[in-house]
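2 protein chains.
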Amino acid sequence: MKPTAVAIIAEYVPFHNGHLYQLQQAQQRTRAETTVAIMSGNWTQRGEPAIFDKWTRTKMALASGIDLVVELPAVATVQPAHLFAQNAVELVQALDCDYLAFGCEHADWDFNQFTQQQVQLSGAEFADRHLSFPEAFQQALQREEGIELTEPNDTLGFWYAQAIAGQADHLQLVPIKRQVSGHQDHELHATISSGTAIRKALLAHNQNYLTSVPESTAQLMATTQSVTWEQYWPYLKYAINSHSLAELRNIYQMTEGLEHRIKRIAVVARSFTEFLELIKTKRYTYPRLQRLCTDILLNYQAADVANYQPVLRILGMSTAGQRYLHAIKKRLTLPLITTATRSFLENEIQLEVRAGLITEMVTGVVQDRRRSVIRTEAIKE
Amino acid sequence: MKPTAVAIIAEYVPFHNGHLYQLQQAQQRTRAETTVAIMSGNWTQRGEPAIFDKWTRTKMALASGIDLVVELPAVATVQPAHLFAQNAVELVQALDCDYLAFGCEHADWDFNQFTQQQVQLSGAEFADRHLSFPEAFQQALQREEGIELTEPNDTLGFWYAQAIAGQADHLQLVPIKRQVSGHQDHELHATISSGTAIRKALLAHNQNYLTSVPESTAQLMATTQSVTWEQYWPYLKYAINSHSLAELRNIYQMTEGLEHRIKRIAVVARSFTEFLELIKTKRYTYPRLQRLCTDILLNYQAADVANYQPVLRILGMSTAGQRYLHAIKKRLTLPLITTATRSFLENEIQLEVRAGLITEMVTGVVQDRRRSVIRTEAIKE
Chain U
1035 MKPTAVAIIA EYVPFHNGHL YQLQQAQQRT RAETTVAIMS GNWTQRGEPA IFDKWTRTKM
1095 ALASGIDLVV ELPAVATVQP AHLFAQNAVE LVQALDCDYL AFGCEHADWD FNQFTQQQVQ
1155 LSGAEFADRH LSFPEAFQQA LQREEGIELT EPNDTLGFWY AQAIAGQADH LQLVPIKRQV
1215 SGHQDHELHA TISSGTAIRK ALLAHNQNYL TSVPESTAQL MATTQSVTWE QYWPYLKYAI
1275 NSHSLAELRN IYQMTEGLEH RIKRIAVVAR SFTEFLELIK TKRYTYPRLQ RLCTDILLNY
1335 QAADVANYQP VLRILGMSTA GQRYLHAIKK RLTLPLITTA TRSFLENEIQ LEVRAGLITE
1395 MVTGVVQDRR RSVIRTEAIK E
Chain A
1035 MKPTAVAIIA EYVPFHNGHL YQLQQAQQRT RAETTVAIMS GNWTQRGEPA IFDKWTRTKM
1095 ALASGIDLVV ELPAVATVQP AHLFAQNAVE LVQALDCDYL AFGCEHADWD FNQFTQQQVQ
1155 LSGAEFADRH LSFPEAFQQA LQREEGIELT EPNDTLGFWY AQAIAGQADH LQLVPIKRQV
1215 SGHQDHELHA TISSGTAIRK ALLAHNQNYL TSVPESTAQL MATTQSVTWE QYWPYLKYAI
1275 NSHSLAELRN IYQMTEGLEH RIKRIAVVAR SFTEFLELIK TKRYTYPRLQ RLCTDILLNY
1335 QAADVANYQP VLRILGMSTA GQRYLHAIKK RLTLPLITTA TRSFLENEIQ LEVRAGLITE
1395 MVTGVVQDRR RSVIRTEAIK E
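Going down the list, the protein sequences come from chains U and A. Numbering of the first sequence is given in our numbering, commencing with residue 1035 and proceeding in unit increments. Numbering of the second sequence is given in our numbering, commencing with residue 1035 and proceeding in unit increments.
Bear in mind the hints are in silico, worked out from the structure with no lab data behind them. The reader is advised that the hints may include incorrect statements.
As the list makes no split between identical chains, a pair holds if one copy fits it or if it spans any two.
As the list claims (entries may be wrong) - Calculated pairs, EDC-like style, for lysine to aspartate or glutamate (alpha carbon to alpha carbon, straight line, at most 20 Å):
1. 1297 / 1402
2. 1297 / 1380
3. 1211 / 1142
4. 1297 / 1308
5. 1363 / 1067
In isolation and in its complexed conformation, chain U is listed as follows (with noise of 0.2 Å):
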């Protein structure tokens, strides 16, 4: 018999309070032996830079309790909400946990309905190509099931589900209702505060962020570089101006000629932010122009994100994760990586390794060669 595993699927950009509660939530609730992280890697799924590496936060996560940090590679994680849930279920699908615990602004709803078959709807909706593929399907589900999903965490509980139904699994949903009213606040609490708030008062050199984070994650914020989407902005300008429109048009969510409005906006916008401001239209949310400007700046073609392998990439374990990894090796249908060996490195359908030399420009620290999965010893033990 395998230990019992609870998992959660994070950013932790960084690590705070707020995830401490989620995840002694998750603990309490499920009794789990054993706690997962499906962690984004270098880059987020709204289409940012991580402020922290991967190897800082997977240290962050482990300190607070996590056994296991799996990592979400950017390919799979700089995706709309649908189909990065559905990359992250995968992984946990593949690592047999027993729960999946998640944040969520509705914690009452019963999720796991949810899990047992595909919703399908049907409606004009689908056929609007004014609509995206998740909003015509948040309209059709309103109107036919009555469920309104308005927030961003309900939404991403939804879309879990989704991607567990019809797959006889026997993984099961573990709402937890948010303490914070979610990425949208800005603002500092006393204890609890949004990834964006605690981001916001650290690169305003705010100290007030403090009280928000675990001392380990202080500590790790205190002597690590944060990064910025306007740290990469020579290089996705250079990406951008060395590029053909045809070339342009291969990037994987280029859609509808808006390589000729990047291309034009690209050689005078002075800045990131100034950049992201001038391509903005009614049209494109700012997540999505997020996610396409990664898409460029990694150069991850419609193909590239086609031909998607995913691995079981670890990047840190406790004593406990160790176990847990152990029990479950024979029975893995995914490949394992606890160490970057020259095989993993050169193999070209391992995009991660294209992005750590990226991060690794702006960072000066080394991502993917000669790193193996940290280990500590568990903290409860």
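For chain U, the structure is supplied; the task is to place chain A on it using the hints.
Only chain A this time, still in chain U's reference frame:
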């Protein structure tokens, strides 16, 4: 009748007293009414960024007596000597020049005899895959015709003659003996020094180069930012890191698995100089590798180079230059560009526009948009 014209194929990095001597000799010996420079744009034949941009060097040339400065774009310049010569001579002929003056080590040779017909060579050299075409050609030439091309400017002169050969052209070659011993001379002399020596002194903040350049060049050198490969290194490294091996293989002049070596070394090299030293093998010369680096940086693929379409892009003109252009205007066989119009800027065949945006990223100076020909009153009138 059009005025007579003598052309000079030049890089002017920077325009110095040796160039002035060559120009004066060309005028004295041909009595031509107009002097034309076919000048490399922002990249040189040896695959280096021109130390000053094309507009600054155009001002230098006009100030010293050139009447018409025509751009040889990077795609035509960053080439082995025989292709560089061919591309440059194509513009000389399109401008209907009467003479082509050039510096060389053996001015007593009868270069014009080579223009009568294409030298046809055969020999085992051409089957030896370790020799490049120019190397094989030079070996066969020595064996069959007894002509030994060992000096760089003699060689260029020979390729100019070959480019003209067999076209029943009236263009006459005017070889002018060089006053310094060629590009390899790294030391400053009293009044005539090599471009290499002058650049070396400039970058070392050694003012002794001042006696080797005209006053107008000295003034422009004092007020213009110089550019070296090191400033482009972050972008070159990013280009190598972000491209797949397959994409690197498409780059012009990428041969024989070199892309693997380049990718591996780009990760560890800490400067362009170090990178170049680490990728150097006996098989490749430094100029060959520098040209390859330029092609990677500018994203010039084999197909792009094959699609090169020459134009007569005028960078600068004196009154005499303007008069000359007016006289030949109706007979031009190539498009004449005096202002970078929107259709010129947006025509992707004009690879020079892309190169200009990359120069602009390093210098901050716009290269093509809203730039038009620099006009001066001719100094000699």
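Status of each hint after checking the structure:
no.: 1; hint: 1297 / 1402; result: between (32 Å within a copy, 15 Å between copies)
no.: 2; hint: 1297 / 1380; result: between (31 Å within a copy, 10 Å between copies)
no.: 3; hint: 1211 / 1142; result: within (8 Å within a copy, 91 Å between copies)
no.: 4; hint: 1297 / 1308; result: within (14 Å within a copy, 33 Å between copies)
no.: 5; hint: 1363 / 1067; result: within (17 Å within a copy, 85 Å between copies)
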